[in-house]
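Peer 1: In order, the protein sequences belong to chains A and B. Start counting the first sequence at 1; every next residue gets the next number (UniProt numbering). Start counting the second sequence at 1; every next residue gets the next number (UniProt numbering).
The hints are simulated quantities; they were obtained by calculation from the structure and are not laboratory data. It is possible that part of the hints are untrue.
[Claimed, not checked] Rough simulated footprint, nothing fancy, chain B against chain A, three-plus residues with beta-carbon under 8 angstroms:
| no. | segment |
| --- | --- |
| 1 | 28–35 |
| 2 | 134–143 |
| 3 | 149–158 |
| 4 | 244–255 |
| 5 | 264–271 |
We treat Cβ as the ideally placed atom computed from N, Cα and C, and that holds for glycine.
Number of protein chains: 2
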Amino acid sequence: MSNTPLRLGLAGLGTVGVGVVKILQRHGAMLEARCGRPVRISAVSARSRARDRGVDLSAYAWEDDPVALARREDVDVLVEMIGGEDGPAKAAAVAALSAGKHVVTANKAMLARHGQELAELAEAAGAALRFEAAVAGGIPVVKALTEGLAANRVERVMGVMNGTCNYILTQMERTGADYAEVLAEAQRLGYAEADPAFDVGGVDAAHKLALLAAAAFGTRVDFEGVAIEGIERISLADIRAARDMGYRIKLLGVARMTEDGLEQRMTPCLVPAASALGQLDGVTNAVVLEGDFVGQTVFEGPGAGEGPTASAIMADVMDIAAGVRRPVFGAPAARLTAAPRAMDATPAAFYLRLTLADAPGVLAKIAFALGEEGVSIHRMRQYDHEGAAAPVLIVTHPARRVDIDAAMGRIGAMDESLATPVALRIEKV
Amino acid sequence: MSNTPLRLGLAGLGTVGVGVVKILQRHGAMLEARCGRPVRISAVSARSRARDRGVDLSAYAWEDDPVALARREDVDVLVEMIGGEDGPAKAAAVAALSAGKHVVTANKAMLARHGQELAELAEAAGAALRFEAAVAGGIPVVKALTEGLAANRVERVMGVMNGTCNYILTQMERTGADYAEVLAEAQRLGYAEADPAFDVGGVDAAHKLALLAAAAFGTRVDFEGVAIEGIERISLADIRAARDMGYRIKLLGVARMTEDGLEQRMTPCLVPAASALGQLDGVTNAVVLEGDFVGQTVFEGPGAGEGPTASAIMADVMDIAAGVRRPVFGAPAARLTAAPRAMDATPAAFYLRLTLADAPGVLAKIAFALGEEGVSIHRMRQYDHEGAAAPVLIVTHPARRVDIDAAMGRIGAMDESLATPVALRIEKV
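Take these sequences, add in the hints, and give me the full structure.
Peer 2: As structure tokens, this is what we get:
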């Protein structure tokens, strides 16, 4: 192996960029022993040169423009930590790949939108494009999927991949505070963005799921094909009722290849409280990978933050330094297929929470409406009345989402229904 | 990348060997797309040629002698699935590496004893020697450690890595049967060897820990340096008492680099019932890897069996096919250091179970003996008497093993002590 240093250009010096600098400054000799050649930073780029970031950047050249950074003669690898699906991040990535340079990125939004284009560009140029840090932070799950389980036909990929959502759901359960209170606290602590839609609306986690699905099934990244629902409408009542019946509510991503096509969902689901996903608390991420030979494997760890994300970026850099060249999404980009979308192709049991007037015959009406839509009841619980409203919880036998929605529409329209009915999928884990 | 097929010689056609044949027969085209070249079996070797293994072997040449298999012109990779730390397994591995051929092995015993020698041989010959299947079956944990977390200084490696032991402990708790009964059932079901010492005595799991420790800390494999204790003396009373206090008992491997040297233990420990390790049931394995940047990551999955083990072997084969050449234990073999052994260097809380005569002043005597040995009490519980014997449970403050052992010796020698005192470490997870 060549002893020539691998030279990095770091674009973006926020939390993650600073983490990468710290790893290289602290562990330079160890990294060299492990990947067989030195790894060095040539140049860096960020919006503000003046800002004190707590690390010494004086040894590195400075570029105001990340595209210029990507094109520097002394940069072999562009480490893109700018973020944003277009703009300077994409411009720099395209500039680097077009010049035959490698790109390591933490940018899930960019890859969810432009993954196919960038992968084709990289493979045509013989350059590496790697994104371990874009999915589940410090957990090496892209590597596990595309290399560790590469001999398997993957059957399902699942994950709790947004720490903010999991923190909010965990805190609601723990403290009994409602969604709005906990969200405000999360924002105060810096866990949630001021505009929370990206996190709690499920978009951020859906980006990650779309990338995992492409690598799992050999399909083109199809972010538009992910059915997304956030956690905004999850109430404390649902969290407690789910717990009562042995479940916990998680914002769960599921991707599965079905006979009808690729099913991708990022939605609040109930999972058994005793399962690895059900036991997940706080900001920890977990990804479940299921293959035809290996069976079920589970990977847990910190899904965000300076150290974990920088650790994932540097693992990609070290693979490049060691000469590893693999297709971006596990199989060559030209061979990735555009799978048809199969939204909710897999029937599942559903949890239903109905708020009903305490009137004679109302349960019979509900049962009749469900039955007419082809939904059968597995378990039912009625709780103590809160005034005139009787909360009724139902767990159905496996049903199609479309039938559940039809039944919910009918029930919601009844005079006896005092609040919008809630229906959440129960995912088998 | 070359389009030349990578040609395998399979040595050993037991469960795992048959799994490897199945993967190649079922997923040949997918594997080729993923690693850029065909992977084929040239020849196989096993003890009995006549045995029906349920797979068609007619397309492959047969060798009676695995060393002859390793030396065949049409074999690029020896896949060693014979087992045993010496004998034909090692002879074949040495023959292959000496001829510059790659070796993929599931043989933890061989590597635990001869890992340094074989790694040096492989690296001198420019050949790969890979062992993902030797540790934690289908979980790609060697890859996670040596590649996914390669940018971290590893602080601790822990794992529940023997499915038989975990099955026995889980079944004892679930059914209330004692150790001997559950072991007999496990043997009947084929989970445990007829001579169980290898499994339940902790040797098998200690082999795995020694390999992980070498990869984690850049040290030479030091199996002799692992403090080993099996689960034979764990009683139902301990399992229940631990549960009562919020813990579960696991055969837990822990490796840690301390100021005094490398600490390696494979012993029954208490872990919090609510932790990922505490929640592990049955034959599932789990490995915890902690790094200075990534923090704590947890990897769970099937630790043995045809499909999982074959999946791990084929991941190694596919890396070789894709041209990946990394040092065997993460860093070059010549640079691995012989770390001094630091047995139980890290103090811990201990769980003590004493069986005492119900006599006045006995608890005072116990407390005095513990205090004199420098062990202080954090929690104590006394249970209902069983006849004249009063079971007393103690959780200590962090103490050194040597002080605990001294105190247990003193207490065991007292007239009031009606059974050998039990002391189990409580590992922080």
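Peer 1: Now tell me if each hint is right for this structure.
Peer 2: Comparing the hints with the structure gives:
Only residues whose C-beta sits within less than 8 angstroms of a C-beta in chain B count toward coverage, and the segment 28–35 of chain A has 5 of them, enough to reach three; the restraint holds. Counting residues of the segment 134–143 of chain A whose C-beta sits closer than 8 angstroms to any C-beta of chain B gives 4, which meets the bar of three, so the coverage hint holds. For the segment 149–158 of chain A, the stated coverage by chain B holds: 5 residues have a C-beta nearer than 8 angstroms to a C-beta of that chain, and at least 3 were required. Residues of the segment 244–255 of chain A with a Cβ under 8 angstroms from some Cβ of chain B number 0, which does not satisfy the need for three, so the listed coverage is violated.
As drawn, the segment 264–271 of chain A meets chain B at 0 residues by the rule of a beta-carbon pair under 8 angstroms; below three, the given contact is violated.
When the structure is compared with the earlier hints, violations turn up for hints 4 and 5 and for no others.
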